[in-house]
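Peer 1: Single-letter residue listing:
Number of protein chains: 2
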Amino acid sequence: MKVYTVLLVDDEKRMLDLLELYLAPKGYHCVKCESGVAAIRYLENNKADLVLLDVMMPEMDGWETCKQIREFSNVPIIMVTARGETTDVVQGLKIGADDYITKPFDESELLARIEAVLRRSVGKQAKLEFNGLVWDEAQHKVQYAGHDIFLTPKEFAILGLFLKNPNRVFSREQLIVTLWGYNANTEERTVDSHVKNIREKLRQAGFPIDQFLQTVWGVGYKWGG
Amino acid sequence: MKVYTVLLVDDEKRMLDLLELYLAPKGYHCVKCESGVAAIRYLENNKADLVLLDVMMPEMDGWETCKQIREFSNVPIIMVTARGETTDVVQGLKIGADDYITKPFDESELLARIEAVLRRSVGKQAKLEFNGLVWDEAQHKVQYAGHDIFLTPKEFAILGLFLKNPNRVFSREQLIVTLWGYNANTEERTVDSHVKNIREKLRQAGFPIDQFLQTVWGVGYKWGG
DNA sequence: GATGGATTTCAATAAATTGTAACAGTTGAG
DNA sequence: CTCAACTGTTACAATTTATTGAAATCCATC
Chain V
1 MKVYTVLLVD DEKRMLDLLE LYLAPKGYHC VKCESGVAAI RYLENNKADL
51 VLLDVMMPEM DGWETCKQIR EFSNVPIIMV TARGETTDVV QGLKIGADDY
101 ITKPFDESEL LARIEAVLRR SVGKQAKLEF NGLVWDEAQH KVQYAGHDIF
151 LTPKEFAILG LFLKNPNRVF SREQLIVTLW GYNANTEERT VDSHVKNIRE
201 KLRQAGFPID QFLQTVWGVG YKWGG
Chain P
226 MKVYTVLLVD DEKRMLDLLE LYLAPKGYHC VKCESGVAAI RYLENNKADL
276 VLLDVMMPEM DGWETCKQIR EFSNVPIIMV TARGETTDVV QGLKIGADDY
326 ITKPFDESEL LARIEAVLRR SVGKQAKLEF NGLVWDEAQH KVQYAGHDIF
376 LTPKEFAILG LFLKNPNRVF SREQLIVTLW GYNANTEERT VDSHVKNIRE
426 KLRQAGFPID QFLQTVWGVG YKWGG
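Those sequence lines, one after another, are chains V and P.
Read in the working numbering, the first sequence has 121 at position 121, and its numbers run on one by one without any break.
Read in the working numbering, the second sequence has 243 at position 18, and its numbers run on one by one without any break.
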């Protein structure tokens with residue numbers, strides 16, 4: 001069974017411990033952050049399956065943190081609000097949070113919501129947008145400026161991986177393991193070929209691809225702004 | 226007996242609880258959302274048999290929510306309006322709602338309307354039209370440019386699924402599970418045969434089928450404009 | 001149980017993608 | 001500036017996938 005990584009974000013250490021106390025015994029791997037900035041830094045370099053994000057925090061509040069996370073990640077986010085806090089929940093859900101829960105909550109409610117959000121996010125087919133470039137899994141289609149860009153399955157998968165992990169550098173080896181599988185027996189040069197084709201097709205469509213799909217010399221490739 | 230899932234959408238928690246109090250004892254499975262955005266997100270990833278949608282909500286009102294839901298789903302929708310609210314109900318029903326009910330309502334009226342809408346929707350047979358191509362479930366008939374196109378039952382079902390889900394790519398596996406059933410033991414190539422026959426017959430009738438029923442190489446087929 | 005249409009399978013062919021190897025071009029450390 | 005290592009490009013071979021027609025099977029109906 002898959003172990004889910006949950007990122008807990010709250011300025012109160014005590015609350016973090018309480019959340020972990022609820023989640024760890026259920027098999028969730030918990031990572032704790034005491035500020036929005038720390039959470040963003042974590043997510044930029046690591047993967048999480050879910051974020052539990054407190055709204056009321058000093059420096060940078062939960063909504064702002066949520067907004068910034070959404071600029072580079074589609075990780076499911078559950079907002080944690082205190083009863084009586086006069087925050088506009090609807091506004092928050094619009095920013096991109098997936099659900100919210102009100103403190104104080106009991107263990108079963110917390111777990112139920114987490115499971116619901118995870119279940120929803122697992123089956124969800126991604127639809128990503130980046131500077132006008134749309135990558136739609138359900139339609140298996142890439143669009144820019146209104147017209148379709150025809151990509152082969154491999155090209156489509158590679159582009160999707162980059163879009164899902166902006167700014168992260170992938171070595172050719174990593175790309176092969178992720179997209180071809182562990183026991184694939186593929187030359188690293190093959191990745192170059194696909195990258196070349198992706199660049200060509202997107203450039204053709206007028207998308208400033210060279211600005212985004214970048215070569216990191218001696219390491220691999222990354223999608224960066 | 227089938228358990229119906231009802232999606233309740235209202236910005237007031239109290240109203241959601243009240244509705245659930247009425248519906249849950251009658252065997253309806255209730256899902257509650259506090260905003261139109263949350264409701265749309267839910268429906269994009271989950272199934273519901275009915276939506277009870279409050280008109281007066283901040284941010285995105287019920288009509289707008291209804292309109293957006295209709296862009297991807299045919300789920301029956303009952304609008305909930307407050308007495309005295311000066312909304313144009315006729316206008317709303319045109320948008321695609323199936324019925325409406327005025328607050329305050331009593332339990333029996335609510336239940337009666339829900340049952341009526343569900344009964345109607347269950348018996349409802351689709352009739353779709355696409356660029357002059359008419360697919361009529363009640364008559365089990367397909368027409369183009371005035372004359373009938375004779376399709377076998379399987380062909381008819383496949384075409385119907387595509388018309389009901391424009392732009393969505395179906396893998397052969399998905400088509401088999403959806404139209405043959407989970408435990409069907411059918412070769413994937415069989416789908417190709419049916420697709421070939423559908424294409425042949427529609428092409429024969431003069432319909433520009435190749436523009437619509439498209440092969441998505443390495444993935445499956447889709448109905449796209 | 002024979003008939004005829006519907007459905008499914010199969011195999012040959014066609015088409016497209018993917019992988020490879022060779023080489024040219026580029027980069028950056030020393 | 002030089003060189004070794006890395007990256008980009010190209011053409012083609014290998015592989016995978018789609019299409020098609022024909023044959024086999026299924027199945028309701030007479």
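Treat the hints with care, as some may be off.
To be verified - Restricting the straight-line Cα-Cα distance to at most 27 Å, the calculated cross-link-like pairs of lysine-lysine (DSSO-like) are: (1) V:Lys67 <-> P:Lys238; (2) V:Lys127 <-> P:Lys257; (3) V:Lys141 <-> P:Lys292; (4) V:Lys154 <-> V:Lys196; (5) V:Lys32 <-> V:Lys164; (6) V:Lys154 <-> P:Lys421; (7) P:Lys421 <-> P:Lys352; (8) V:Lys127 <-> P:Lys272; (9) V:Lys103 <-> V:Lys164; (10) V:Lys141 <-> P:Lys251; (11) P:Lys389 <-> V:Lys141; (12) V:Lys47 <-> V:Lys222; (13) P:Lys251 <-> P:Lys238; (14) P:Lys366 <-> V:Lys67; (15) P:Lys328 <-> P:Lys366; (16) V:Lys127 <-> P:Lys389; (17) P:Lys352 <-> V:Lys103; (18) P:Lys328 <-> P:Lys352; (19) V:Lys26 <-> V:Lys103; (20) P:Lys366 <-> P:Lys421; (21) V:Lys103 <-> V:Lys127; (22) P:Lys272 <-> P:Lys292; (23) P:Lys272 <-> V:Lys141; (24) V:Lys103 <-> V:Lys141; (25) V:Lys141 <-> V:Lys201; (26) V:Lys127 <-> P:Lys421; (27) P:Lys389 <-> V:Lys103; (28) P:Lys292 <-> V:Lys26; (29) V:Lys26 <-> V:Lys47.
Hints are computed from structural coordinates only; laboratory data are not their basis.
Peer 1: For every hint, state whether the structure bears it out.
Peer 2: Status of each hint after checking the structure:
1. Taking the CA atoms of lysine 67 of chain V and lysine 238 of chain P, the gap is near 25 Å; set against the 27 Å cutoff, the hint holds.
2. Distance check on the hinted pair: lysine 127 of chain V and lysine 257 of chain P sit about 25 Å apart at the alpha-carbon level, within 27 Å; holds.
3. For the hint pairing lysine 141 of chain V with lysine 292 of chain P, the CA-to-CA distance comes to about 24 Å; that is within 27 Å, so the pair holds.
4. The suggested pairing of lysine 154 of chain V with lysine 196 of chain V holds, with an alpha-carbon distance near 12 Å, which does not exceed 27 Å.
5. Between lysine 32 of chain V and lysine 164 of chain V, the direct Cα distance comes to roughly 23 Å. Compliance with the 27 Å bound is thereby established for this hinted pair.
6. Straight-line distance between C-alpha atoms of lysine 154 of chain V and lysine 421 of chain P comes to about 26 Å, which keeps the hinted pair within the 27 Å bound.
7. For the given pair, lysine 421 of chain P sits about 23 Å from lysine 352 of chain P by alpha-carbon distance, which is consistent with the 27 Å threshold.
8. Simply put, lysine 127 of chain V and lysine 272 of chain P have alpha-carbon atoms about 19 Å apart, close enough for the 27 Å limit, and the pair holds.
9. For the given pair, lysine 103 of chain V sits about 32 Å from lysine 164 of chain V by alpha-carbon distance, which is inconsistent with the 27 Å threshold.
10. At most 27 Å may separate the alpha-carbon atoms for a hinted pair to count; lysine 141 of chain V and lysine 251 of chain P exceed this at roughly 43 Å.
11. With a C-alpha separation of about 19 Å, the suggested pair lysine 389 of chain P and lysine 141 of chain V falls inside the 27 Å cut-off, and the hint holds.
12. For a cut-off of 27 Å, the pair hint linking lysine 47 of chain V to lysine 222 of chain V stands: about 16 Å separates their Cα positions.
13. The hinted pair formed by lysine 251 of chain P and lysine 238 of chain P meets the criterion: a straight-line CA distance of about 20 Å does not exceed 27 Å.
14. Of the pairs offered as hints, the one joining lysine 366 of chain P and lysine 67 of chain V is violated, with about 50 Å between alpha carbons and a cut-off of 27 Å exceeded.
15. Taking the CA atoms of lysine 328 of chain P and lysine 366 of chain P, the gap is about 42 Å. The hint is violated against a cut of 27 Å.
16. Taken as a hint, the lysine 127 of chain V and lysine 389 of chain P pair is honoured in the structure, with Cα atoms around 20 Å apart against an allowance of 27 Å.
17. Simply put, lysine 352 of chain P and lysine 103 of chain V have alpha-carbon atoms about 49 Å apart, too far for the 27 Å limit, and the pair is violated.
18. The hinted pair formed by lysine 328 of chain P and lysine 352 of chain P fails the criterion: a straight-line CA distance of about 33 Å is larger than 27 Å.
19. For the suggested pair lysine 26 of chain V and lysine 103 of chain V, the alpha carbons sit about 20 Å apart, so the restraint of at most 27 Å is met.
20. Between lysine 366 of chain P and lysine 421 of chain P, the direct Cα distance comes to roughly 19 Å. Compliance with the 27 Å bound is thereby established for this hinted pair.
21. Between lysine 103 of chain V and lysine 127 of chain V the CA atoms are separated by roughly 32 Å; this puts the pair beyond 27 Å, and the hint is violated.
22. With a CA separation close to 18 Å, the supplied pair lysine 272 of chain P and lysine 292 of chain P stays within the 27 Å bound.
23. For a cut-off of 27 Å, the pair hint linking lysine 272 of chain P to lysine 141 of chain V stands: about 24 Å separates their Cα positions.
24. Distance check on the hinted pair: lysine 103 of chain V and lysine 141 of chain V sit about 42 Å apart at the alpha-carbon level, beyond 27 Å; violated.
25. For the proposed pair lysine 141 of chain V and lysine 201 of chain V, the alpha carbon gap of about 13 Å is at most 27 Å, so the pair holds.
26. Proximity of lysine 127 of chain V to lysine 421 of chain P is assessed by CA-CA distance (about 30 Å); at most 27 Å being required, the pair is judged violated.
27. A hinted pair counts as satisfied when its Cα atoms are at most 27 Å apart, and lysine 389 of chain P with lysine 103 of chain V does not qualify at roughly 43 Å.
28. In summary, the hint linking lysine 292 of chain P to lysine 26 of chain V is not supported, as the alpha carbons are separated by about 40 Å, beyond the 27 Å threshold.
29. Using a Cα cut-off of 27 Å, the hinted pair lysine 26 of chain V and lysine 47 of chain V holds, with the two alpha carbons roughly 19 Å apart.
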